[in-house]
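Residue strings, one per chain:
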Amino acid sequence: MPEFLEATIDKFIFRVAADRRYSRDGVWVQECGGDGQVRLGASDYVQQRSGDAAFVHVKPAGTRLASGDEFAEMETIKATVGLVSPVAGEIVEVNKDLDLSPENVNQDPYGKGWMAVVQAAELRDCPDFRAAGHQPKVGRGLSPSDRARLLDPAAYLSAVRAQAEEEIGAS
Amino acid sequence: MSRTATYHTTVRWKGGHRGHLVMGNGPEYEFSAPSDAHGCAGVFTPEDAYVAAANTCVMMMFLWAAERFKLKLLSYECRTEGTKLVERDRTELLTRLHFRPKIRVAAGGEPSPVVEARVRRALQSAQKYSLVANSVKSEIVVDPKIVVEEC
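Which chain is which? The protein sequence lines are Y and R, in order. For the first sequence, my numbering begins at 784 and goes up steadily by one. For the second sequence, my numbering begins at 20 and goes up steadily by one.
Hints are computed from structural coordinates only; laboratory data are not their basis. Where a beta carbon is used, it is the ideal one built from N, C-alpha and C, also for glycine. Please note that the accuracy of each hint is not assured.
[Claimed, not checked] Listed next, with one range per pair, are the computed distances between beta-carbon atoms: (1) Y:Asp852 - R:Ser154: 48 to 54 Å; (2) Y:Glu786 - R:Pro132: 32 to 38 Å; (3) Y:Glu876 - R:Glu86: 41 to 47 Å; (4) R:Arg139 - Y:Arg847: 49 to 55 Å; (5) Y:Lys879 - R:His117: 33 to 39 Å; (6) Y:Gly845 - R:His117: 49 to 55 Å; (7) R:Pro132 - Y:Asp852: 51 to 57 Å.
[As the list claims (entries may be wrong)] Mimicking DSBU-like on lysine-lysine, the simulated pairs with C-alpha atoms at most 35 Å apart in a straight line are: (8) R:Lys121 - Y:Lys794; (9) Y:Lys895 - Y:Lys794; (10) Y:Lys879 - R:Lys147; (11) R:Lys164 - R:Lys103.
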């Protein structure tokens with residue numbers, strides 16, 4: 784069970800799991816296992832803003848992704864939301880449980896609501912990484928450029944707070 | 020993403036315990052209190068309006084949810100009952116709204132349990148996103164009867 788950072792805005796509490804990194808769009812990236820595999824999902828903020836999920840469509844295993852490609856689409860009661868992968872690589876596993884239980888994305892966004900495992904290309908293919916004698920280890924799935932691009936939990940929490948407060952101010 | 024919208028109705032006294040109601044969306048009704056509360060039989064009442072507001076709103080939200088959840092809806096009917104509590108100080112409130120929707124959907128080639136589970140989730144979402152159901156302080160109870168037809 785991960786620890787969480789929380790932002791309370793108006794009557795809403797948005798949780799940010801402390802054991803992973805985030806794109807600005809609210810896709811979380813968690814290193815899982817060795818050899819550069821990362822797990823992707825939607826943040827609590829994204830799922831709350833999107834509404835109850837009716838269907839979650841994740842691109843199938845074998846799909847090659849460039850950073851910025853859509854890897855999943857949530858059809859919710861209110862909207863259809865595309866989710867963009869912040870890492871390049873190949874989808875190697877899809878959460879099939881979401882076919883019958885898409886509500887897991889809402890009820891457990893950082894656990895059962897995970898969407899895909901991606902073999903991160905940058906780490907696997909990075910010659911410098913290999914040349915330097917590094918061996919992939921558990922928890923080493925993100926390349927330095929991925930790490931630089933992704934937000935740590937505290938930074939993402941700040942981004943969530945800023946965006947939510949901006950929306951309240953604009954209303 | 021907070022936004023507001025406004026809705027309005029106008030009431031005018033017609034003498035005795037009767038009134039005339041003009042809805043913002045067009046229709047007009049004569050109204051009174053229920054006959055057990057010094058009102059007149061056969062006309063619109065605030066109690067009915069309250070229950071109807073929740074019942075109609077949940078149904079409209081369910082229709083939307085059925086589209087989003089890709090359900091092949093065949094029929095929907097819901098009797099909803101509001102329970103009034105008279106307090107010791109004689110104030111009154113509607114403590115509970117009990118929805119009993121009867122929903123028929125076509126399986127459309129999918130396994131019935133899968134479709135039924137989706138109907139239940141659509142119904143939960145309809146209750147959650149219903150403006151009126153989300154606004155009232157009455158307890159809301161939903162007892163659905165769901166039939167998935169193999170057609």
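Structure-based check of each hint:
As the Cβ distance of Asp852 (chain Y) to Ser154 (chain R) is approximately 41 Å, the hint placing it in 48 to 54 Å is violated. Checked against the hint of 32 to 38 Å, the C-beta distance between Glu786 (chain Y) and Pro132 (chain R) comes to roughly 37 Å, which is consistent with it. Distance hint for Glu876 (chain Y) and Glu86 (chain R): a CB-CB separation of about 31 Å, inconsistent with the stated range 41 to 47 Å. Distance hint for Arg139 (chain R) and Arg847 (chain Y): a CB-CB separation of about 37 Å, inconsistent with the stated range 49 to 55 Å.
In this structure the hint that Lys879 (chain Y) and His117 (chain R) lie 33 to 39 Å apart at CB holds, the actual value being about 37 Å. Look at Gly845 (chain Y) against His117 (chain R): about 50 Å separates their beta carbons, and that is inside 49 to 55 Å. In this structure the supplied range 51 to 57 Å is violated for Pro132 (chain R) paired with Asp852 (chain Y), their Cβ-Cβ distance being about 35 Å. A C-alpha spacing of about 34 Å is found between Lys121 (chain R) and Lys794 (chain Y), which places the hinted pair at or below 35 Å, so the restraint holds.
Between Lys895 (chain Y) and Lys794 (chain Y) the CA atoms are separated by roughly 25 Å; this keeps the pair inside 35 Å, and the hint holds. Between Lys879 (chain Y) and Lys147 (chain R) the CA atoms are separated by roughly 26 Å; this keeps the pair inside 35 Å, and the hint holds. Restraint check: the Cα-Cα separation between Lys164 (chain R) and Lys103 (chain R) comes to about 25 Å, which is no more than 35 Å; the hinted pair holds.
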